[in-house]
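Please dock the two separately framed chains into a single complex, following the hints provided.
Okay, here's what each chain looks like letter by letter:
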Amino acid sequence: MKSSAYSGAERILDPMDDLYRDYILEHYRRPHNFGVLDTPTASYEGSNPLCGDRITMMLGVSDGVVRDVAFTGRGCAISQASASLLTDEIKGKTVEEVEKMTPDDLLDLIGIDISPARLKCALLSLDTVAHALADMASKQDGAEPGPG
Amino acid sequence: MADTATHAAESSPAPAMTHATHAATPAASPSASARPAPARIDPYRLRTDFPILATANRFGKPLIYLDSAATSLKPRAVIDAVDAYNAEYSSNIHRGIYEIAERATAAYEAARASIARLINAREAAEIVFVRNATEAINLVAYSWGRRNIGRGDTIVLTEMEHHANLVPWQVLVQEKDGDLEFVPITDDGLLQLEVYEALLHLRPKLVAFTHVSNMLGTINPVRELTEMAHAAGALVLIDGAQAAPHAPVDVQAIGADFYVFSGHKMLGPTGSGALWGRRELLEAMPPFMAGGDMIREVHLRRSDWNEIPYKFEAGTPDISAQIGMGAAAEYLMGIGLDGVQAHEQELTRYAMETLRREVPGIEIYGPEAEARGGVVSFNLPGIHPHDVAQILDRSGICIRAGHHCTMPLHERFDLAATARASFNVYSIPGEIDALAVGLREVVRIFGR
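If you read the sequences in order, they're chains A and B. When we follow my numbering, the leftmost residue of the first sequence carries the number 1, and every step to the right adds one. When we follow my numbering, the leftmost residue of the second sequence carries the number 1, and every step to the right adds one.
Looking at chain B on its own, in the form it has when it is part of the complex (with noise of 0.2 angstroms):
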């Protein structure tokens, strides 16, 4: 194991894991008789796009990078993308009238029509453009949630969001003198559907849950969810954040009325986002923030608003991010989501059996990997999160350790914290390995 987990932090091949990775093959689509397998993505390929796991850390020891669903790491061509944006067109968008000035509006508008393919969008005008999940969460919230939320009305979330996903509609709520529902979910982190469904009998307005789970990696069952959520007279707001970056989406197939997600964490910058919305939601939405850009005609005392998604985007948006979040959605597109899901999949399936025969007592929390995406939620006996990533942190090893912006789902679980492992198109096995010994060596340490 010892051997593996040095050539994991090569970026070249490594036969030994190479042949580790194919192990896992021939069960990882449910659906292959009924579709062609995916085609295969090549990690150890893959990796030498990324710059920074070139890199070492204070003690010389190579980034082992396992905390992509806090944020993805960059491939050249988005850095690239970004750079040039600085480096030769740097100008405002939606504005000038000379040559640089039109790249920018065209770089800027290409990135939104390359995310509406990316989640199979009917038109780019109903890709808003955001600075991540949160902003689109509360764009919501604030627009649609103010008009449509009164006194009484119900949002049914689940007790499995995000802070971002759970905040804003708190503070609806609580302004409008409204009430919020929670599906419960069982101990293996699965959405309690007998208990949606009566919940569905208060009439919500809206229903907002996430679509893959950023502590247990649970993959909802979305397109159940949102027949059943409109079946009942209820709006659908998905969160994405971890599903969009990782799996094929198609938010027409699933239906919803609004899917959120964050550029960083889709191999994009920070400070890049989307919101898409059904086209006829978003224009009768009044505008979220007011200011320049999101305008037709401005007088003294009355505006009249642009048309979407300009009346969303008020003032000077984060240009070069979100260019770089187009060219993180091409990237992710060349490679094939369905390669990626199948990747990250059989990747997660290997962290669990792995980290359960090599750490004794390791306790992993969420679903088996058929059904969760690539997070690894897990806790040491007796050693807290944070001492066992500071820990492998020695060994150049990032994990998270924390709530994850959950808490009351590690209330749920009667946790005060959870380690955490997440994997994204560069990982590869001889990580898990190395975070393998990595645990090892902190339970040796706290038990000596």
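Only chain A is shown next, with the shape it has when bound in the complex (with noise of 0.2 angstroms):
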């Protein structure tokens, strides 16, 4: 968990907008990559019972890079635009670099200061992309059983 969580609110000039900036609202309206890839080679639905917030990823991968990559999904504001900047940094990162990524990495990339209770929206995406490569791996050890 990143440590600053709830340490943001001496440094909030308009304490109305500090969540809810333009850029991220910006995202949620218009996100990017949001849609459908038609041959994903991986894909998996996440969401957060508790909120409602819902998230399918789609990745398209060869040779250990994603190429490509798309999310639908529906929920709050900082899980959408959380969704939409990542899906924004993985394109063209291999899936090493990927997996790589902790929650403080992607904390970082929404830049702003998310409140415990809202760590689970802002994660949702993250946590739907690490499901969607270790089902893509585990698929990959059961199709190529031992060396061919």
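Hints may be right or wrong, so weigh each one.
[Unchecked claim] What follows is a list of derived Cβ distance ranges for each label pair:
(1) A:D104 with B:R203: 55 to 61 angstroms
(2) B:A77 with A:Y23: 46 to 52 angstroms
(3) B:P381 with A:D22: 17 to 23 angstroms
(4) A:V65 with B:P360: 45 to 51 angstroms
[Claimed, not checked] To give an idea of the chain B side of the interface with chain A (calculated C-beta under 8 angstroms), a few residues:
(5) H403
(6) A417
(7) I445
[Said to hold, decoys possible] A short list of chain A residues far from chain B (calculated; beta carbon distances all over 10 angstroms):
(8) D38
(9) D88
(10) K91
FYI, nobody ran anything at the bench for these hints, they're computed from the structure. From the three backbone atoms N, C-alpha and C, an ideal C-beta is built for every residue, glycine too.
This is the structure:
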């Protein structure tokens, strides 16, 4: 967890707007990479049942690189903006690099202080990507039994 | 409106608000001609009883607490009662042969008597102390349910139940191979009574429903529902968590078999709650939990149970919390539950009118104000309730956002989540005005 999660209050100038900055709302209203891939190599639907946030991540991976990425979903501004930012970030990265991403990396990317109650919203996108990659890895293990 | 919102923050009487409060008075009670109008409560004076209302948030904004359906604030009388136990006579109950222990036992049993009076139970022994309404329902499901529900037996619930009055029954029928049936609700959030009647032809063993919905605010016709259930041979459990703190409740007049409620929603401490059951039912039920205090005689291989209600109160309970719940019951009876009900109904009507007028596009769920308790669930178009609540928090406004432990009910209305404002004796119109201002700000931020 980010240590500064609750420490943002003192440096907020406009308290109404610190969390809902223009770029966050912009990503929420017009999310990047929103849509579906026809033949994703990795796909996973993640949700926070408590909030009703829902994100489906689709990745197109070849030669160990995330060539394409898309997501659909519904939920709060934080969860959807986070997914939009994350998809921009991971496109072109290697699977290994994406798998190494930590919650702190994503929170830095989002760039706002997230209160503990909203961490789940913010981190759903990364959690969903991780699940998608893990699913892909386990399927590959199953599909390629032993040296061929 | 900004002006009235400022007044709301103060705990001193605000003339503008008083005027607004009184505006809706004449139509307050439909049976006004049959009985005297309820004594009015003065929320501005009552607010001074709640120390937390004098606090401010991290931006210096005064607390505007609109989440009383989740848990209520605590008046000084309750805080003092809890403190007095801890500071002056902290000791176990039903055991010690010394002064402070006797005082603790007396206070604990006096609380039971107060709570019995609050719901007009026939006798205090019919009040079982539990941690909350959830535990009370679990107690009935485990103790009565495991003895009385068998293969093929039916329990009738409604689509508007809190998870607390749903999941324990799911667990029970899964274990016993029984069936659950549900009374559906109309788009206005009312129970479909003709379906209920049809379901009763299945001869259910038990019917369990909420008195007041914690999401829609619907006040169910509990007396009628109970009579119909009894005519079909079913027992009746009523979840009174959202009712007992807000209106006069008379379990004998309702005719129910079990009635459950939480202390922390009725101005009492967390960790306190009550199960009321008819004596003959409680006496026939086996203990829920076993241990100390619930036994008369213990031998190595068998024990005899204590009399009710102690049979159901194994181990040292949350003594100070139950004493606090008793203080809360006394506080509520002192100000008068008729007045509480009238106040909250008036406030709910004011909230629905104000929000619909001031907040463009707001959608409010549930019945009109006449048929609901002090709960208003709503959504703003295209904005997730969590974002709504988060932005309101900056203004010191506390509302609930989520599914309020009623996921099936949200599914019924095809909603992922809702925002909810809920009221109590200390709630005032100015707080609703502040909410309306806050919601307009949410719309502005998301619309820019």
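Against the structure, the hints come out as follows:
no. : hint                                   : result
1   : A:D104 with B:R203: 55 to 61 angstroms : holds, 59 angstroms
2   : B:A77 with A:Y23: 46 to 52 angstroms   : holds, 50 angstroms
3   : B:P381 with A:D22: 17 to 23 angstroms  : holds, 20 angstroms
4   : A:V65 with B:P360: 45 to 51 angstroms  : holds, 47 angstroms
5   : H403                                   : holds, 7 angstroms
6   : A417                                   : holds, 4 angstroms
7   : I445                                   : holds, 5 angstroms
8   : D38                                    : holds, 27 angstroms
9   : D88                                    : holds, 21 angstroms
10  : K91                                    : holds, 26 angstroms
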